[in-house]
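Position chain Z relative to chain B; hints supplied.
There are 2 protein chains.
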Amino acid sequence: VVRLIALLFPIALNAAPDTRTPTDIITQAPAADWRPIDAKRTVVMTLDAGEVVIELAPRFAPEHVANVQTLATERYFVGLTVNRVQDNFVAQWGDPTQQRSLGSAKKTLPSEFSIPFDAAVFQTLPDRDGFAKRVGFVDGFAAASDGTQMWLAHCYGTVGVGRDTAPDSSNGTELYAVIGHGPRQLDLNITTIGRAVVGIEFLSALKRGPGASGVFDKPEQGARIRAFKRGDASLKLEALKTDSASFQALIEARRNRRDAWYARPAGFVDLCNVPLPVRARSG
Amino acid sequence: VVRLIALLFPIALNAAPDTRTPTDIITQAPAADWRPIDAKRTVVMTLDAGEVVIELAPRFAPEHVANVQTLATERYFVGLTVNRVQDNFVAQWGDPTQQRSLGSAKKTLPSEFSIPFDAAVFQTLPDRDGFAKRVGFVDGFAAASDGTQMWLAHCYGTVGVGRDTAPDSSNGTELYAVIGHGPRQLDLNITTIGRAVVGIEFLSALKRGPGASGVFDKPEQGARIRAFKRGDASLKLEALKTDSASFQALIEARRNRRDAWYARPAGFVDLCNVPLPVRARSG
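One line per chain: the protein sequences are B and Z, in this order. If you count the first sequence from 1, position 139 lands on 139 in my numbering, and the numbers rise without skipping. If you count the second sequence from 1, position 188 lands on 188 in my numbering, and the numbers rise without skipping.
These are calculated hints, taken from the structure and not from any lab test. A quick note: this is a predicted structure, and the numbers were derived from the prediction, not measured. Mixed in with the good hints, there may be bad ones.
Derived DSBU-like pairs: lysine-lysine, alpha-carbon spacing no greater than 35 Å straight-line [said to hold, decoys possible]:
(1) Z:Lys236 to B:Lys236
(2) Z:Lys107 to B:Lys133
(3) Z:Lys207 to B:Lys207
Chain B is faced by these chain Z residues, among others (derived, beta-carbon under 8 Å) [to be verified]:
(4) Ala66
(5) Gly182
(6) Arg184
(7) Ser204
(8) Ala205
(9) Trp261
(10) Ala263
(11) Asn273
Virtual Cβ for every residue (Gly too), placed ideally from N, Cα, C.
Just chain B, same shape as in the assembly (with noise of 0.2 Å):
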């Protein structure tokens, strides 16, 4: 067991305790260790407070992150609004009535709640997960997988595509983001498209809907959708890459916290409690 886990955490056993914060971590963090998120894998979403910028997951449901490009690139979303906003589960936001015209957007799509385990894409977290055999990260973002199908977890700021009862009844023309405590439960039960990476705080501090599930009686008393496009150039962000040594660092950090603080580090870290780090980029 030491020398597996001396295999994933070289450094961790190497070396003297890293004593850096998470923050520290990620400002020293070498230009290599990051990569450029890119734009025309990203929708961006205008409000009122700000822009909420959503990358995408093609890999794990193609279809849907296609039919959501189209409808951005046909203004699908402007003027809707976030209809739902449930405390300490999800911000939801389309066309809750579907009388809006799709366009050249496909009405039906396949459900895409899983793809095949790959392991030569999934860098695995050690630390055990209650819901899944195996949790970590797939193209930057937190996945889970049984060993056979693999799929993205519904952490802080996931992005799904809401759906009726029937399991291939979404297509994309309503969408959630995930604002509270992780809803895992919800994994392997809907398609999810990616995270947001910038703004969920404008999601998240949007006021809540009434009643148990935060659907506003009238969708006009959400959030007005000023703009839903697709990034493009002038999007200019990076992430720190899930399987840098940076990376590796920033999740034993999370893990067992050695700066003067933390009294007793919890020798333990939740997939969901693991930050994704993003930043502007120049040039």
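Just chain Z, lined up with the frame of chain B:
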């Protein structure tokens, strides 16, 4: 193992699967499964957005709870602000400059990070937890234990007491509530005094402060605390008893959603994803 599970969840094993949703279970819970929330063990903070009711946990932090009650009686917090709102972490309020008179409240207190484990009051959740050997509920609060000590777990809504680097540097003049994914790495590192039972959304929906820590440059940029009082007889709330059959059914419904929407029950529930139902009571 089956016997142990049967002992813990007689209803789940001896009857047909309960296909009710969590909402159904809460709605149908008999009156005997609810307990009045003792107003004397609450403090109520009024923001412009609404009231936050905090149920206090004197068993876990008797000295801090008493000091916060004194501060509330003496109107310590009135006119101060929520001077830190860090996305997916905490909202914090009080006097960061520590210049306000403490009145008859104590200036220094011992740290109260945990208390001796008491099997008689600890209702164990069988689902495994990465952070602690045992998790469950004590006095209606989410709690954790290593078998020797027990403490409140940092879940959405948990309220704690800010401190400096020294473990015993808190006195209750700076408080925080969790507004994101449960930061369980704080467990055993800080004194917790209870949880928001009503109105946590008024803290979660506050505009985030700038920078990584969410601290406003000037405290007056944060939401103003209009009132901060001990609860009185006008506060009529009740909570679902965590040792009731309804609560056990609710946990099982969260663990394995059997209503038609769910294609695949999770088979697991995270401590911080168990709802702690609270509602208005009549009379």
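(message) Hint compliance check: list the failing hint numbers for this structure, sorted ascending.
(response) Violated hints (numbers, rising): 1, 2 and 4; every other hint is consistent with the structure.
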